[in-house]
Amino acid sequence: DVQMTQSPSYLAASPGESVSISCKASKSISTYLAWYQEKPGKANKLLIYSGSTLQSGTPSRFSGSGSGTDFTLTIRSLEPEDFTVYYCQHYNEYPPTFGAGTKLELK
Amino acid sequence: EVKLVESGGGLVQPGRSLKLSCAASGFSFNDYWMGWVRQAPGKGLEWIGEINQDSSTINYTPSLKDKFTISRDNAQNTLYLQMSKLGSEDTAIYYCARFGWWGNYFDYWGQGVMVTVSS
Numbered sequence: 695d696v697q698m699t700q701s702p703s704y705l706a707a708s709p710g711e712s713v714s715i716s717c718k719a720s721k722s723i724s725t726y727l728a729w730y731q732e733k734p735g736k737a738n739k740l741l742i743y744s745g746s747t748l749q750s751g752t753p754s755r756f757s758g759s760g761s762g763t764d765f766t767l768t769i770r771s772l773e774p775e776d777f778t779v780y781y782c783q784h785y786n787e788y789p790p791t792f793g794a795g796t797k798l799e800l801k
Numbered sequence: 030e031v032k033l034v035e036s037g038g039g040l041v042q043p044g045r046s047l048k049l050s051c052a053a054s055g056f057s058f059n060d061y062w063m064g065w066v067r068q069a070p071g072k073g074l075e076w077i078g079e080i081n082q083d084s085s086t087i088n089y090t091p092s093l094k095d096k097f098t099i100s101r102d103n104a105q106n107t108l109y110l111q112m113s114k115l116g117s118e119d120t121a122i123y124y125c126a127r128f129g130w131w132g133n134y135f136d137y138w139g140q141g142v143m144v145t146v147s148s
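Taken in order, these protein sequences are the chains called S and A. Just so you know, we're using my numbering here: the first sequence kicks off at 695 and counts up by one. Just so you know, we're using my numbering here: the second sequence kicks off at 30 and counts up by one.
Be careful, since some hints might not be right.
Each computed DMTMM-like pair below joins lysine to aspartate or glutamate, with the alpha-carbon atoms no more than 25 angstroms apart [as the list claims (entries may be wrong)]:
hint, chain 1, residue 1, chain 2, residue 2
1, S, Lys718, A, Asp136
2, S, Lys721, S, Asp776
3, S, Lys718, S, Glu732
4, S, Lys733, S, Glu799
5, A, Lys72, S, Glu711
6, A, Lys72, A, Asp60
7, A, Lys72, S, Glu732
8, A, Lys94, S, Asp776
9, S, Lys797, A, Asp95
10, A, Lys96, S, Glu787
11, A, Lys32, S, Asp764
12, A, Lys48, S, Asp764
13, S, Lys736, S, Asp695
14, A, Lys72, S, Asp764
15, S, Lys797, S, Glu775
16, A, Lys96, S, Asp695
17, A, Lys48, S, Glu775
Over the 10 angstroms line for every Cβ pair with chain A, so calculated as not near, a few chain S residues [said to hold, decoys possible]:
hint, residue
18, Ser712
19, Leu740
20, Gln749
21, Glu775
22, Gln783
Quick caveat, the hints were computed from the structure, so don't treat them as lab data. Here a beta-carbon is modelled for each residue, glycine too, at the ideal position from N, C-alpha and C.
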């Protein structure tokens, strides 16, 4: 199985700042990568697929980049509602696997 | 509004079986692949498997294929996950989700249902 390594596991920032979350695959996955947002008591939300395509409804302050093995989720001008957990997931081969998650905390 | 609501979870004894349901609404259920993912306490998300629109193709993560059976009833807009010979390692939140158009990712998720395997 392809291993997805997310870093950092925890990230502290303040509203208005920009942050980046890394996701590294153990082998090339082309751009078959999705990013999700998890919030307590709510369904997980798809933010980005195909590495950089914003899902309908995803605010433009979110962006995704990368291909092959290295990917980045960037959030610009953090809003209060952005402080939560983020996961990456590859879907280049079977089975798809997820990163362990990054918790974005308020500094 | 797309809505996925899981049910059927709870406390179950080791070795027993359990069947989860996922009621879908707000979209044409029979147009989409659907899948299941789980998350054990303190662990990451784990892909279980998926089913296509007419149930002719069902895939499972190889390490889990002997434990789970995915099915669907398009007339009832419902997805199912039959779990057998449950062990403590199956204690997790189970999520159903709808496939996106462009690959094996999920564009909508349910909120999940907790399954606890314990005597």
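Here's how the hints hold up against the structure:
1. S:Lys718 / A:Asp136: This hinted pair holds, its Cα atoms lying about 22 angstroms apart.
2. S:Lys721 / S:Asp776: violated (30 angstroms)
3. S:Lys718 / S:Glu732: Holds: S:Lys718 and S:Glu732 sit about 20 angstroms apart, inside 25 angstroms.
4. S:Lys733 / S:Glu799: Measuring from Cα to Cα gives roughly 12 angstroms; hence the hint holds.
5. A:Lys72 / S:Glu711: violated (29 angstroms)
6. A:Lys72 / A:Asp60: violated (32 angstroms)
7. A:Lys72 / S:Glu732: Holds: A:Lys72 and S:Glu732 sit about 14 angstroms apart, inside 25 angstroms.
8. A:Lys94 / S:Asp776: Cα-Cα ~36 angstroms, so violated.
9. S:Lys797 / A:Asp95: Distance ~33 angstroms between S:Lys797 and A:Asp95 Cα, so the pair is violated.
10. A:Lys96 / S:Glu787: holds (22 angstroms)
11. A:Lys32 / S:Asp764: Roughly 33 angstroms between the alpha carbons, so the hint for A:Lys32 and S:Asp764 is violated.
12. A:Lys48 / S:Asp764: The hint is violated at about 38 angstroms.
13. S:Lys736 / S:Asp695: violated (29 angstroms)
14. A:Lys72 / S:Asp764: Distance of about 23 angstroms is within 25 angstroms: holds.
15. S:Lys797 / S:Glu775: holds (13 angstroms)
16. A:Lys96 / S:Asp695: Status holds; Cα separation ~19 angstroms.
17. A:Lys48 / S:Glu775: violated (35 angstroms)
18. Ser712: Check passes; 25 angstroms lies beyond 10 angstroms.
19. Leu740: violated (5 angstroms)
20. Gln749: violated (7 angstroms)
21. Glu775: Label holds. Min Cβ-Cβ 18 angstroms, cutoff 10 angstroms.
22. Gln783: It is violated; S:Gln783 is separated from chain A by about 6 angstroms at its closest Cβ, not greater than 10 angstroms.
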